[in-house]
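Asker: Heads up: the sequence lines are chains A and B, in that order. So the first sequence is residues 1 to 116, counted in the working numbering. So the second sequence is residues 1001 to 1867, counted in the working numbering.
Possibly wrong hints are sitting among the right ones.
[Said to hold, decoys possible] Here are the computed lysine-lysine pairs in the DSS-like style, where the Cα-Cα straight-line distance is at most 30 Å:
#, chain 1, residue 1, chain 2, residue 2
1, A, K89, B, K1080
2, A, K61, B, K1640
3, A, K67, B, K1006
4, A, K34, A, K80
In case anyone wonders, no lab produced these hints; they're calculated from the structure.
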Amino acid sequence: MAKETRIELLQGTLDMLILRTLLFGPAHGHQIAKHIQRTSDDLLQVEHGSLYPALHRLEGKDWIAGKWESAGKGSTREFKYYRLTALGKKQLVTEESKWRQLTGAIARIMWPAKEG
Amino acid sequence: MFWRRKQREQDLERELRSHLEEEAAEQRESGVPEDEAKYVARRALGNVGLIAEDVREVWGWMWLERVLQDLRYGLRALRKDIAFAALSVFALALGIGATTVIFSVIDNVLLEPFPYRDSQRLTKFYIRDLAHPDQTGRADYTMAEYRAFKEQNRVFDDIIATANFDVLYTAAAGAKQFRAYQTTANTFDFIGVAPLLGRAMIADDGRPDAPPVAVMSYRAWQQEFGGDPGIIGRSLTLNGRPTTLIAIMPPRFALYNGDFWLPLTTETPDTRVSTMGRLKHGLRLQAARTDLELIARRLATVYPNEYPSNFSVTAVSLVDRVVRRFRPLLYALMAAVGMLLLIACSNVANLLLARATAREHEIAVRASLGASRSRLIVQLLIESFLLALFGCAAGCLLAYAGIRGIVAVMPRDLIPNESVIVLNPRVLLFALGMAVVTTLLCGLAPALHAVGRNLHDRIKTVGKGTASGSGHRGLRTAFVVAQVALSIVLLVGAGLLMRSLIALQSVDLGFSPDHVVATAIPFAPGRYDTAEQKRIFFRAVLQKVAALPGVVAVSEASALPPFGGPRSEVTVPGVAHAQGLRASMQLCSEDYFRTLGIRLLRGRLLTETDIDSARKVIVVNQALASRFFGDADPIGRSIKFDAFDKAPESPRDAYFEVVGVVADVRNNGLQSPPQPEAFLPFTISGALGRGILVRTATEPNSMLSSIRREIWAVDPNVAPSMGTTLVTALEQESYSQPRFALIILGTFASIGLLLAAIGIFSVMAYSVSLRTHEIGIRMALGAQRAGLLKMVLAKGFMMIAAGIVIGELASFGLTRLLRNQIWGVSSYDPAVLGGVVAVLVLVGLAACIVPARRATHVDPMMAVRYE
Chain A
1 MAKETRIELL QGTLDMLILR TLLFGPAHGH QIAKHIQRTS DDLLQVEHGS LYPALHRLEG
61 KDWIAGKWES AGKGSTREFK YYRLTALGKK QLVTEESKWR QLTGAIARIM WPAKEG
Chain B
1001 MFWRRKQREQ DLERELRSHL EEEAAEQRES GVPEDEAKYV ARRALGNVGL IAEDVREVWG
1061 WMWLERVLQD LRYGLRALRK DIAFAALSVF ALALGIGATT VIFSVIDNVL LEPFPYRDSQ
1121 RLTKFYIRDL AHPDQTGRAD YTMAEYRAFK EQNRVFDDII ATANFDVLYT AAAGAKQFRA
1181 YQTTANTFDF IGVAPLLGRA MIADDGRPDA PPVAVMSYRA WQQEFGGDPG IIGRSLTLNG
1241 RPTTLIAIMP PRFALYNGDF WLPLTTETPD TRVSTMGRLK HGLRLQAART DLELIARRLA
1301 TVYPNEYPSN FSVTAVSLVD RVVRRFRPLL YALMAAVGML LLIACSNVAN LLLARATARE
1361 HEIAVRASLG ASRSRLIVQL LIESFLLALF GCAAGCLLAY AGIRGIVAVM PRDLIPNESV
1421 IVLNPRVLLF ALGMAVVTTL LCGLAPALHA VGRNLHDRIK TVGKGTASGS GHRGLRTAFV
1481 VAQVALSIVL LVGAGLLMRS LIALQSVDLG FSPDHVVATA IPFAPGRYDT AEQKRIFFRA
1541 VLQKVAALPG VVAVSEASAL PPFGGPRSEV TVPGVAHAQG LRASMQLCSE DYFRTLGIRL
1601 LRGRLLTETD IDSARKVIVV NQALASRFFG DADPIGRSIK FDAFDKAPES PRDAYFEVVG
1661 VVADVRNNGL QSPPQPEAFL PFTISGALGR GILVRTATEP NSMLSSIRRE IWAVDPNVAP
1721 SMGTTLVTAL EQESYSQPRF ALIILGTFAS IGLLLAAIGI FSVMAYSVSL RTHEIGIRMA
1781 LGAQRAGLLK MVLAKGFMMI AAGIVIGELA SFGLTRLLRN QIWGVSSYDP AVLGGVVAVL
1841 VLVGLAACIV PARRATHVDP MMAVRYE
């Protein structure tokens, strides 16, 4: 996995990916980053410098809610787990449909023949 | 939000640290050595400080975004419920407007009444005779004393001296008298007010050989010269002397209420001046007192005649001195208006509570969608703040009108001439501050209440309609009780003021003020100085005025009733402990008693011969006779007035024989019992102010100008005052402040009552609407309309009664604020306390009637089906 093959995230898509990730259940920052990285086969590299500001922005909009909880049975370590709110779920649906329209439109421009 | 910044900072740091640890642990698991793992983790995360910085920025924007969002949301919510918004804004506007009006009076009258530089530090000082601690003391000094104070003090930046120097301005049109002063040449620099036109007085103008110059007030400039700017540099004849006019002062300048100020050039060490110093920055009055007393003690050894044997020096600020009569009233009004604001706030709080109940569903939904508690509280507070802002804007408009109203009824002589009551930036800032305060006062409780209950409860009750809001009911009742209690306090205050004014107006003066005209006749220095000159002048005037048709009697007088003349210490042979006895001296002519309608009790009155030959005989009042002589016969006794020994043109060491005793009349204001007073032939002395009193058969105001014409017929170069009727003078002097207090407090009490009535009405209407279902069932089960009416009214009555009891108890304590304004009536006056209760019960029950009637018109079928 050479560095050159990694793709920087498009502006605005990180929010959507975070929301999507949290659809599976609560997760802390590190888990969210790893999850995005792994499910994209390490293609998408989450810049930690933008992950945390994004998390707090989403929290501020009440789309996600953060809470300190212990890592699991027996563990004494605590993480700030983020969970999707009802408002966040609604937002994810909106973002998803917007994204679908956007990628479709871009695809039609880039490869018109294939589409036709 | 922002107040939890610290907590959030710690959270963020903890969050980033846990991320680092997790990453390091992962690296270790994949085989990276221990110390390298940490390094790799740190590199993967990047610059922690920078991330934290970015997150903080997000917080900042978030906050602003939320506020904007909340503002938009709040505006939308208010627009949806326009009746609620209008009522709340109306109540807040009344509260904030009234508070702003009173604050602007306090600001302009108490805090910044003078346009002078550092006016709060201007200080006057008095030599106070400790034998007469009730008196302010001597404030006039000889020039020699002034020099000593000026040179030796270490507490003042500078001291000025001012001498009365009324001027007679002679122009082609006729002579006119102006109030004027000679002042030391440093005065204008001291005062720090630049002239509107021309140049200020400078040190050179004060030299004895300097050409005569004068500074004129804006008022005189407008009235006499029509505001002609070309007047500067012209020569005016003042007291017969050509004087160059060097400056016109701005409108808001009237030092000692003068119209002309001339340099003090003609003084001798004996010239009497009043002084004023500017306290050095940071010094207290006490320091001035100590320092000045040191100087005064030295002066007392040089001029023993000027100083009582036992004295102290008091120093008071000019502001204090001028507004001391008015200040307690203003503070009392501030307290009253504070209560009014509380009534308005609790009214709005009640409306907000009702609204919060109606919006429970919305709030529950927002909470379940993930809005945090604090977010909801801020949202609700922002809505209240919007209301308060609109209320503040409307309140400022009301205040703008209210200030005009209050100025119109304000007794002018109680406030400095130069204080201008306007909405200045400080006042507007105050109003804005009030908006914030009211937001918290009326918004916090409902907001906390609305989001206080847990979500589960709320979702359960939402949509059921009947039980919802029951938790608010106690709070709402408490608010109404508070409103009733506060209105009671205001009404009791207004009632006591009304009773005081009535008591004041029904004081038996002892003489009849109707149909009496008073005209003061001030003389320019150098004219009519001696007793003989005054005798000739007044004889002619009295004869001419007496000959006017419609004149019943006319007399010379040296003081305007109900105030006696200047008080003097007396020496009474044969009376032990005569020391400390004082009497006022009224210089008058033989018809004085007939003019005022004063009854003779014993002996005889003054005769024309007594007057014309300036015989040393006096008539005394009953108070003097019994105070000085007890039961003994005062006729034939003699009294010496010590004041004459020092006064100019007066008999030295003169004993006067008592020839008659007259009934007491009020001579120390309306509120004090009559003081010992002696009536002396005016021809005795050339000192003291003079004027004439005229009793007319016709409407007295119509006589004013013909009286002046007769005076001018005797000498066109004297300048009699416009003249006034005693009734008008009494009104200005004695009734205007109590009336002012009554009008203002009465207005506040009425507004308070109106708001409380609205409060009662809204709570009753609301509780009836909540109980529609219950009432329907009761009716279905056979309850009678009358019974239901009684049930609802009883609930309203309980609320009102609770408020009345609390309010009456509170008013016992709070009317103490008014104790300086209340006169002739007890603070526990049963008529006032009872009357107020009656008013509130009536108004309160009237406010209950409509909701109660609505309860009886509930359709049982509809009400039951509603469920």
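Asker: Please go over all the hints and tell whether each is borne out by the structure.
Answerer: Each hint tested on the structure:
For the hint linking K89(A) to K1080(B), the alpha-carbon distance of about 28 Å falls within 30 Å, and the restraint holds. Using a Cα cut-off of 30 Å, the hinted pair K61(A) and K1640(B) is violated, with the two alpha carbons roughly 92 Å apart. Taken as a hint, the K67(A) and K1006(B) pair is honoured in the structure, with Cα atoms around 17 Å apart against an allowance of 30 Å. Between K34(A) and K80(A) the CA atoms are separated by roughly 15 Å; this keeps the pair inside 30 Å, and the hint holds.
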